Amino acid sequence: MQIGYKLASEGFGPQEIIRQAVRAEQVGFDFVEMSDHFHPWLDAQGHSSFTWSVLGAIAARTSNLRLATGVTCPTVRYHPAIIAQAAATMALISDGRFTLGVGAGERLNEHVVGQGFPSVRGRHERLREALEIIRLLWQGGYQSYEGRHLHLEDARLFDLPETPPVIAVAASGEESARLAAELGDGMFATEPEPSIVDHYRRAGGSGPRYAEVPLAWATDEQQAVQAVLRTSRWMVTGWKVMSELPNPVNFDAASAHVEEKHIRELFAVGPDPQAHLDKVRSYVAAGFDHIVLQNAGPDPDGFLDFFAGDLSGRLRATS
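Every letter in the sequence shown is one number past the one before it in full-length UniProt numbering, and letter 191, counting from 1, is 191.
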């Protein structure tokens, strides 16, 4: 089992994200996974730096820490040719430590370029085409592509790694899990649902299976709960809401009903290692082997110290 640390581009400025990544390597995390947002979920978070610049700086400041996007949408705000180029460059400057996590995206980030946001079916069709374009460009040489939604004209990537980056495709059900198995090298999910892993495996998927685990560390439970309510209550709304709303103000309204009990149902909160361990074990039992600890508590350094002192060894033992 590999253990990762979530870098929330929505919650911290770029220099702080880089600092946290360096500390994550120092305290023993295997990898970091960074969100790729144009807007934060809530105004209270207050940040959204350019993920690809920050990942490049992290690669330069670390030696063994693996890096991943969690996740990038390569279909609207970005053209897949740009993501193919960015990921190839990241693989080179990180000496092969980079994983490209991709997904169908959220309106929150994609509508900003003025091209609208497709239906669920349209998103999946575009993601398939994007993955085909990325794979084509990683083969080398000049490539063209005529899809229903996406196109590529006489394009070539001149700087390519010997081994292409791993692609982990976000999955939430049978269709997306099949896509992850067919065109990805791994899978990415946010729920401890064994059925997602089962669909992936039945479709022939055998690569790494990433999952984000919602945690909130603080010196007491109430402090942790209040931090989640202030900055991360949007997670309670569910994916159908999370993928559709256009701006932080909409998420503020949609999550206004969230109460403490909802936070405690979704997150492991407080200072007790056992609570966090139990939450992680539910994802391991569901079949995930790359566990991303997503701390929504108020003290990142406290959480990193907590991982180094009380949690790391016990997590390693679960594998």
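Keep in mind the hints are simulated off the structure, nothing from the lab.
Among the hints, a few may not be true.
With a cut-off of at most 20 angstroms between alpha-carbon atoms, the simulated SDA-like pairs for lysine to any residue come out as follows [what the hints assert, rightly or not]:
id : residue 1 : residue 2
1  : LYS261    : ASP310
2  : LYS240    : ASP220
3  : LYS261    : GLU221
4  : LYS279    : SER172
5  : LYS279    : GLN2
6  : LYS240    : ARG135
7  : LYS279    : ALA308
8  : LYS240    : SER119
9  : LYS279    : SER195
10 : LYS279    : SER312
11 : LYS279    : ARG264
12 : LYS279    : LEU229
13 : LYS279    : HIS262
14 : LYS240    : GLU175
15 : LYS279    : GLU221
16 : LYS279    : HIS257
17 : LYS279    : PRO214
18 : LYS279    : GLY309
19 : LYS240    : ARG107
20 : LYS279    : GLU175
21 : LYS240    : ALA253
22 : LYS240    : PRO118
23 : LYS240    : PHE117
24 : LYS261    : GLY302
25 : LYS240    : SER195
26 : LYS279    : LYS240
27 : LYS279    : GLY302
28 : LYS279    : GLU191
29 : LYS240    : GLU265
30 : LYS240    : HIS257
31 : LYS240    : GLU125
32 : LYS261    : GLY309
Derived Cβ-Cβ restraints for the label pairs, each shown as a range [as the list claims (entries may be wrong)]:
id : residue 1 : residue 2 : range
33 : GLY309    : ALA253    : 23 to 31 angstroms
34 : GLU259    : ILE93     : 38 to 46 angstroms
35 : GLY204    : GLY13     : 12 to 20 angstroms
Here the structure is a predicted model, which means the values were calculated and not measured.
The beta-carbon is built from N, C-alpha and C at its ideal position, and this holds for glycine as well.
A quick look at each hint next to the structure:
Proximity of LYS261 to ASP310 is assessed by CA-CA distance (about 26 angstroms); at most 20 angstroms being required, the pair is judged violated. The suggested pairing of LYS240 with ASP220 is violated, with an alpha-carbon distance near 32 angstroms, which exceeds 20 angstroms. Distance hint between LYS261 and GLU221 is fulfilled; the C-alpha atoms sit about 12 angstroms from each other, no more than 20 angstroms. This hinted pair checks out: LYS279 and SER172 have alpha carbons roughly 19 angstroms apart, not beyond 20 angstroms.
Distance restraint check for LYS279 and GLN2: the Cα-Cα separation of roughly 16 angstroms lies within the 20 angstroms cut-off, and the hinted pair is therefore satisfied. With a C-alpha separation of about 29 angstroms, the suggested pairing of LYS240 with ARG135 is violated against the 20 angstroms cut-off. A hinted pair counts as satisfied when its Cα atoms are at most 20 angstroms apart, and LYS279 with ALA308 qualifies at roughly 18 angstroms. In summary, the hint linking LYS240 to SER119 is supported, as the alpha carbons are separated by about 12 angstroms, within the 20 angstroms threshold.
Among the hinted pairs, LYS279 with SER195 is consistent with the structure: their alpha-carbon atoms are about 18 angstroms apart, no more than 20 angstroms. With a C-alpha separation of about 14 angstroms, the suggested pairing of LYS279 with SER312 holds against the 20 angstroms cut-off. In summary, the hint linking LYS279 to ARG264 is supported, as the alpha carbons are separated by about 11 angstroms, within the 20 angstroms threshold. Proximity of LYS279 to LEU229 is assessed by CA-CA distance (about 19 angstroms); at most 20 angstroms being required, the pair is judged to hold.
Between LYS279 and HIS262, the direct Cα distance comes to roughly 15 angstroms. Compliance with the 20 angstroms bound is thereby established for this hinted pair. With a C-alpha separation of about 16 angstroms, the suggested pair LYS240 and GLU175 falls inside the 20 angstroms cut-off, and the hint holds. Taking the CA atoms of LYS279 and GLU221, the gap is about 15 angstroms. The hint holds against a cut of 20 angstroms. Annotation: proposed proximity of LYS279 to HIS257 is violated, straight-line Cα distance about 24 angstroms (limit 20 angstroms).
Between LYS279 and PRO214 the CA atoms are separated by roughly 8 angstroms; this keeps the pair inside 20 angstroms, and the hint holds. Simply put, LYS279 and GLY309 have alpha-carbon atoms about 18 angstroms apart, close enough for the 20 angstroms limit, and the pair holds. In summary, the hint linking LYS240 to ARG107 is supported, as the alpha carbons are separated by about 11 angstroms, within the 20 angstroms threshold. Distance hint between LYS279 and GLU175 is unfulfilled; the C-alpha atoms sit about 26 angstroms from each other, more than 20 angstroms.
Pair hint LYS240 plus ALA253 holds up; C-alpha atoms about 15 angstroms apart against a cutoff of 20 angstroms. For a cut-off of 20 angstroms, the pair hint linking LYS240 to PRO118 stands: about 14 angstroms separates their Cα positions. Restraint check for LYS240 and PHE117: the C-alpha separation of about 14 angstroms stays at or below 20 angstroms, so the hint holds. Proximity of LYS261 to GLY302 is assessed by CA-CA distance (about 24 angstroms); at most 20 angstroms being required, the pair is judged violated.
The suggested pairing of LYS240 with SER195 holds, with an alpha-carbon distance near 19 angstroms, which does not exceed 20 angstroms. Distance check on the hinted pair: LYS279 and LYS240 sit about 23 angstroms apart at the alpha-carbon level, beyond 20 angstroms; violated. With a CA separation close to 19 angstroms, the supplied pair LYS279 and GLY302 stays within the 20 angstroms bound. The suggested pairing of LYS279 with GLU191 holds, with an alpha-carbon distance near 11 angstroms, which does not exceed 20 angstroms.
With a C-alpha separation of about 19 angstroms, the suggested pairing of LYS240 with GLU265 holds against the 20 angstroms cut-off. Using a Cα cut-off of 20 angstroms, the hinted pair LYS240 and HIS257 holds, with the two alpha carbons roughly 16 angstroms apart. A C-alpha spacing of about 18 angstroms is found between LYS240 and GLU125, which places the hinted pair at or below 20 angstroms, so the restraint holds. For the proposed pair LYS261 and GLY309, the alpha carbon gap of about 29 angstroms is over 20 angstroms, so the pair is violated.
Checked against the hint of 23 to 31 angstroms, the pair GLY309 and ALA253 fails, with Cβ atoms roughly 40 angstroms apart. Separated by about 45 angstroms at the C-beta atoms, GLU259 and ILE93 satisfy the suggested range of 38 to 46 angstroms. Checked against the hint of 12 to 20 angstroms, the C-beta distance between GLY204 and GLY13 comes to roughly 42 angstroms, which is inconsistent with it.
Hint violations for this structure: numbers 1, 2, 6, 16, 20, 24, 26, 32, 33, 35, all remaining hints satisfied.
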